[in-house]
Amino acid sequence: MKKLEAIIRSSKFGAVQESLHEVGVDFFTFYEVKGYGHQRGKNLSYRGAVYDVGYIGRIKLDIIISEEFVEKAQQAIKDAAYTGEKGDGLILITNVENITNIRTGLTNGESINL
Amino acid sequence: MKKLEAIIRSSKFGAVQESLHEVGVDFFTFYEVKGYGHQRGKNLSYRGAVYDVGYIGRIKLDIIISEEFVEKAQQAIKDAAYTGEKGDGLILITNVENITNIRTGLTNGESINL
Amino acid sequence: MKKLEAIIRSSKFGAVQESLHEVGVDFFTFYEVKGYGHQRGKNLSYRGAVYDVGYIGRIKLDIIISEEFVEKAQQAIKDAAYTGEKGDGLILITNVENITNIRTGLTNGESINL
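Chains as they are written, first to last, in my numbering: chain E, 1 to 114; chain A, 1 to 114; chain W, 1 to 114.
Keep in mind that the hints were calculated from the coordinates and are not lab data. Watch out, some of these pointers could steer you wrong.
Identical copies go unnamed one by one, so any copy, or any two together, can satisfy a pair.
As the list claims (entries may be wrong) - Each computed EDC-like pair below joins lysine to aspartate or glutamate, with the alpha-carbon atoms no more than 16 angstroms apart:
| no. | residue 1 | residue 2 |
| --- | --- | --- |
| 1 | Lys86 | Asp26 |
| 2 | Lys72 | Glu5 |
| 3 | Lys2 | Glu110 |
| 4 | Lys72 | Glu22 |
| 5 | Lys72 | Glu18 |
| 6 | Lys34 | Glu67 |
| 7 | Lys86 | Glu110 |
| 8 | Lys34 | Asp79 |
| 9 | Lys2 | Glu97 |
| 10 | Lys3 | Glu71 |
| 11 | Lys3 | Asp62 |
| 12 | Lys3 | Glu97 |
| 13 | Lys2 | Asp88 |
| 14 | Lys3 | Asp79 |
| 15 | Lys86 | Glu97 |
Given these sequences and hints, build the entire structure.
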């Protein structure tokens, strides 16, 4: 089993949720995080004012998924979260050694529907 | 060393904390997350009104633990977090390659008491 | 690629950020968490009153990093987050199987600058 973590723009959350739904991924956990990106002196300039890039509010999704869903889910997130501007985010895949469903007691492949 | 992540009902947090204490697990990190579960058209009906399942407030615990504590901690969480209704949550075990205690400088098995 | 997770005192966030910047680590995600440490009867005493240790507000940093940056980043965090009092926190290293940059589509070593 795999854990897919996606750090996306908060504004793209609805689109990502819909895009995941279309590939059959309907269960996940999410929470607000802050993204810090220090541009090493490359401050952003907007209408003559200089802005430090500072912190950007983001949403992190944790999705538990079986191996065969990983590629579909990655693609669904990429399609929906993309703007082309810096800061579109990252998708991470890590291995999960064991999953237990608290209600059913089932583990790993049987613990979830994906 | 292992990382145990438990996503549980917020209402079960106190019981889980007590249950973990009884097996000697007294240190963890936790934070509020949202669980999303789209029931694919199976909306819940309550007194004639139909509800989308939507988001459910949950608590996520991150527990760093040595291998021999994993089973005890899993069982303690399952016992305390169980209601039998859908949405009781999941317990994940992942491998941690290295742990460093910032105060003591000790690593891995010596970095924590568990 | 590796994921470095650091759980630090909230009061040390600025120092850790600066210390990471000095070793070239300028991108990360962070969020507030709570640390629970039950001192098994060893309540803290302060001016005659007994306090349960209870929950402590902390900040968790998630840093995605290539292998050669891990040691530098660990050291930078340890140096800046250390007070010598219990509760200075932990640094965890876990393996990440795959990283995708949503904007560029690049993966793994090419997905980030570190």
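Looking at the structure, which of the earlier hints fail to hold?
Violated hints: 6, 8, 13, 14 and 15; rest satisfied.
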